[in-house]
Amino acid sequence: MTTLSTAGRGRRQVTPEALAAFARRAGAPLVLVLVLVVGTAAFGGSFAGPQNLRNVALDSSYLVLIAIGMTFVIVSGGIDLSVGSVFALSGVLTAYAAQWGSAAAIALPLAVCGVIGLLNGLLIGRARIAPFIVTLATLLFARGLAFAASQEGNKVYLIPHDLVLTDVGQARLLGLSTPVFVAAVAFAVGLVVLNRTRFGQAVYAIGGSPESAELMGLPVARVRVVVYVLSALLAAVAGILVAAQTSSGLPTIGEGRELEAIAAVVIGGTLLSGGIGTLTGTLAGALLLKVIQNLINQVGTLSSYYQQVVSGVFLLLVVLIQTGLSRRSAEGEA
Amino acid sequence: MTEPMTGTAAPRDNTAPAGDPPGRLPGASRENAVLRQVRDHGVYVAIGVLLLFNLLFTPNFATVGNLRLQLVQVVPVAIVALGMALVVATEGIDLSVGSVMAITAAIIPLYLGYGPWVAVGVGIAAGVVVGAFNGTMVAVFGIQPIIATLGVLVAGRALALVLADGRLVEIFDPSLQSLGNGTLGGVPVTVLIVAALAAVVGVAVRWSIFGRRLVAVGGNRTAARLAGLPVRRTLLVVYVASGALAALAGVVNTARLGASDPSFVGLLIELSAITAVVVGGTPLSGGRIRVVGTLLGALLMQLIAATVIQHDLPDSVARMIQAAIIVVAVYVQRDRGGA
Numbered sequence: 001m002t003t004l005s006t007a008g009r010g011r012r013q014v015t016p017e018a019l020a021a022f023a024r025r026a027g028a029p030l031v032l033v034l035v036l037v038v039g040t041a042a043f044g045g046s047f048a049g050p051q052n053l054r055n056v057a058l059d060s061s062y063l064v065l066i067a068i069g070m071t072f073v074i075v076s077g078g079i080d081l082s083v084g085s086v087f088a089l090s091g092v093l094t095a096y097a098a099q100w101g102s103a104a105a106i107a108l109p110l111a112v113c114g115v116i117g118l119l120n121g122l123l124i125g126r127a128r129i130a131p132f133i134v135t136l137a138t139l140l141f142a143r144g145l146a147f148a149a150s151q152e153g154n155k156v157y158l159i160p161h162d163l164v165l166t167d168v169g170q171a172r173l174l175g176l177s178t179p180v181f182v183a184a185v186a187f188a189v190g191l192v193v194l195n196r197t198r199f200g201q202a203v204y205a206i207g208g209s210p211e212s213a214e215l216m217g218l219p220v221a222r223v224r225v226v227v228y229v230l231s232a233l234l235a236a237v238a239g240i241l242v243a244a245q246t247s248s249g250l251p252t253i254g255e256g257r258e259l260e261a262i263a264a265v266v267i268g269g270t271l272l273s274g275g276i277g278t279l280t281g282t283l284a285g286a287l288l289l290k291v292i293q294n295l296i297n298q299v300g301t302l303s304s305y306y307q308q309v310v311s312g313v314f315l316l317l318v319v320l321i322q323t324g325l326s327r328r329s330a331e332g333e334a
Numbered sequence: 335m336t337e338p339m340t341g342t343a344a345p346r347d348n349t350a351p352a353g354d355p356p357g358r359l360p361g362a363s364r365e366n367a368v369l370r371q372v373r374d375h376g377v378y379v380a381i382g383v384l385l386l387f388n389l390l391f392t393p394n395f396a397t398v399g400n401l402r403l404q405l406v407q408v409v410p411v412a413i414v415a416l417g418m419a420l421v422v423a424t425e426g427i428d429l430s431v432g433s434v435m436a437i438t439a440a441i442i443p444l445y446l447g448y449g450p451w452v453a454v455g456v457g458i459a460a461g462v463v464v465g466a467f468n469g470t471m472v473a474v475f476g477i478q479p480i481i482a483t484l485g486v487l488v489a490g491r492a493l494a495l496v497l498a499d500g501r502l503v504e505i506f507d508p509s510l511q512s513l514g515n516g517t518l519g520g521v522p523v524t525v526l527i528v529a530a531l532a533a534v535v536g537v538a539v540r541w542s543i544f545g546r547r548l549v550a551v552g553g554n555r556t557a558a559r560l561a562g563l564p565v566r567r568t569l570l571v572v573y574v575a576s577g578a579l580a581a582l583a584g585v586v587n588t589a590r591l592g593a594s595d596p597s598f599v600g601l602l603i604e605l606s607a608i609t610a611v612v613v614g615g616t617p618l619s620g621g622r623i624r625v626v627g628t629l630l631g632a633l634l635m636q637l638i639a640a641t642v643i644q645h646d647l648p649d650s651v652a653r654m655i656q657a658a659i660i661v662v663a664v665y666v667q668r669d670r671g672g673a
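As you go down the protein sequences, you meet chains A and B in turn. Numbering-wise, my numbering puts 106 at position 106 of the first sequence, and it's gapless, one number per residue. Take any residue in the second sequence, count from 1 to its spot, add 334: that is its number in my numbering.
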């Protein structure tokens, strides 16, 4: 279909395909730079000062972690609605297991959330149930588990302060908090895995066309399972970090996180239909959402509700532009 | 949802009109026929089992008061789920319904000075506007429904909070109270509203041209377009209907509570409504709609929650059971055109 439309309009210098691809790849980073420049011009040091940027970085790091996993899932043609609940569950389990030491506080949430990811993956990859439904069910399940583990939210587990977990979790290096470094490492590893490994290429292939991927002999089901486990584990890491930062685990956190992560991924240029997307875009998308929220806080007169209004409108605008561009490159397909 | 998400290469069940028995494969064995019946009517079986269980083991379950309470509590989800079923039948999804409820709830106290029915009218008009916006994004600009309505979900509730200044407003209005808490011949008014709406939607889906178009658009959009059906208009109507129904749910909720609470009205109701639709036998891949099944799906989830609570089990257990039921319901349906 792409070849046909290119042939039909071969004389144009900048093809719509190229334009659309460029907007997808570079759109979010460019807008991010623009927003940063505008923000600095408007608010000066209170926005661009080190203290505020550190806060934005810390605030973004949890979203970035979750959105990295979401990128893998969406590129593979799926969706993971359960990450917000898994994030909360992981925080509760971290705080709960902290009574047995730091190792347990990290191992327990990773194990439980890994199993939830595995469940997602098996139901989607092997039993072939729609990802939307499976992860909707695990959204309910994980949130239920988080509440059950904390006596219906009546019990808040506090992490003892003399643990390695909190020491490391609340440490700062060059002024930046630990979650920022963890997110940076996860991003770097994710970049290599998605772009430079056989597994990463299989994720793209499966998202592009599961049938072709199957015919090429790719282990479609296995790759899907791994992708959902990865997503759950990254959400779990974010939950452990938030628990370590706040020295407690609350079952109510992370509601709507999955939507924020999906928004970050989509703003970053990843197509929900699968097969196309980049982690760099996701990083830019996540930072954009958080920087915009921060900017609205800077405008003292606006109520914080406008953060959500702007985020929603922004998401719609981005998608509108993306769709407009890619539609021009693939006419005839509604 | 888009095809890649389901990941199945199975041919779509794109022609089965609503309500018809899914008699697809001629000469299918008797065993398959039984299996098909279970698939199609699983929600009836589940409700029956649950009712029987409660009659036997739950004290005071079969009282008029309790049954009425269960019905009243399921009303908002049932209304929203009717609209959601229409959207899902076109292979779409509407995540914005909870935010629409919040917007309506926020609007009602603002216009109450002009009389209760004006306030209700403006509230529902707002739902129509949001629905038209969703529909335009999906039908005209070709944006994936999940993303278009996700944007509205995020922005909509915040808009409602801006409108209401983030506050809960108590409403003392006799007309609204009689709408929310009144009964007619012993049956709550809100339940009668649901019954009337279900009848309208059911008739429209089964016997009107619109119903045929709806199923055709959901089953195979390209074929529907090539056949000359007004695909865009059908999609637009469907999202407007979903918005209007969500707004109505917001009205009912506000009337029953006697308060407008935009922070919490309809929170996460999109998930309950989608669950009701899917458990009721409407596949997410579109091309099929079950109106009665949708209502029963909503009722099933309500009964599960009620059963768990009445047996002194915590709410979290109810969520986990509901999660399991969603997966089982969809797994059972999955062979038919990729649920």
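Don't read these hints as lab results, they were simulated from the structure. For clarity, every value in this text was computed on a predicted model and none was experimentally measured. No residue lacks a Cβ here, since even glycine has one placed at the ideal position from N, Cα and C. Incorrect hints may appear among the rest.
[Stated by the list, open to error] Label-pair ranges, simulated between beta-carbon atoms:
#1 B:Thr-397 - A:Glu-152: 41 to 47 Å
#2 A:Glu-152 - B:Leu-526: 32 to 38 Å
#3 B:Leu-401 - A:Pro-160: 25 to 31 Å
#4 B:Ile-643 - A:Ala-26: 51 to 57 Å
#5 B:Leu-502 - A:Leu-118: 40 to 46 Å
#6 B:Gly-382 - A:Arg-198: 47 to 53 Å
#7 B:Glu-504 - A:Asp-162: 45 to 51 Å
#8 A:Gln-151 - B:Ala-557: 41 to 47 Å
#9 B:Gly-382 - A:Gly-324: 47 to 53 Å
#10 B:Thr-397 - A:Thr-252: 32 to 38 Å
#11 B:Gln-644 - A:Ala-26: 55 to 61 Å
#12 B:Thr-392 - A:Glu-152: 17 to 23 Å
[As the list claims (entries may be wrong)] Counterexamples of contact, computed for chain B against chain A with all Cβ distances above 12 Å:
#13 Asn-388
#14 Tyr-445
#15 Phe-506
#16 Pro-522
#17 Ala-652
[Said to hold, decoys possible] Partner residues aside, some chain B positions facing chain A, computed with beta carbon under 7 Å:
#18 Gln-478
#19 Ile-481
#20 Pro-648
#21 Ser-650
#22 Arg-653
#23 Gln-656
Hint check results:
1. B:Thr-397 - A:Glu-152: 41 to 47 Å: Violated: the Cβ-Cβ distance is about 27 Å, outside 41 to 47 Å.
2. A:Glu-152 - B:Leu-526: 32 to 38 Å: Since the Cβ atoms of A:Glu-152 and B:Leu-526 sit about 35 Å apart, the hinted range of 32 to 38 Å holds.
3. B:Leu-401 - A:Pro-160: 25 to 31 Å: Since the Cβ atoms of B:Leu-401 and A:Pro-160 sit about 50 Å apart, the hinted range of 25 to 31 Å is violated.
4. B:Ile-643 - A:Ala-26: 51 to 57 Å: For B:Ile-643 and A:Ala-26 the Cβ distance comes to about 53 Å; the hint holds.
5. B:Leu-502 - A:Leu-118: 40 to 46 Å: holds, 42 Å
6. B:Gly-382 - A:Arg-198: 47 to 53 Å: Between B:Gly-382 and A:Arg-198, where Cβ atoms are some 51 Å apart, the hint holds.
7. B:Glu-504 - A:Asp-162: 45 to 51 Å: holds, 49 Å
8. A:Gln-151 - B:Ala-557: 41 to 47 Å: violated, 54 Å
9. B:Gly-382 - A:Gly-324: 47 to 53 Å: Given about 50 Å between the Cβ atoms, the range holds.
10. B:Thr-397 - A:Thr-252: 32 to 38 Å: holds, 34 Å
11. B:Gln-644 - A:Ala-26: 55 to 61 Å: Since the Cβ atoms of B:Gln-644 and A:Ala-26 sit about 57 Å apart, the hinted range of 55 to 61 Å holds.
12. B:Thr-392 - A:Glu-152: 17 to 23 Å: For A:Glu-152 against B:Thr-392, whose Cβ atoms are near 21 Å apart, the range 17 to 23 Å holds.
13. Asn-388: holds, 21 Å
14. Tyr-445: holds, 20 Å
15. Phe-506: At roughly 26 Å from the nearest Cβ of chain A, B:Phe-506 sits farther out than 12 Å, so the non-interface label holds.
16. Pro-522: holds, 28 Å
17. Ala-652: violated, 8 Å
18. Gln-478: With a closest approach of 5 Å, the B:Gln-478 hint holds.
19. Ile-481: holds, 5 Å
20. Pro-648: Status holds, d = 5 Å.
21. Ser-650: Hint on B:Ser-650: holds, closest Cβ of chain A at ~4 Å, below 7 Å.
22. Arg-653: holds, 3 Å
23. Gln-656: holds, 6 Å
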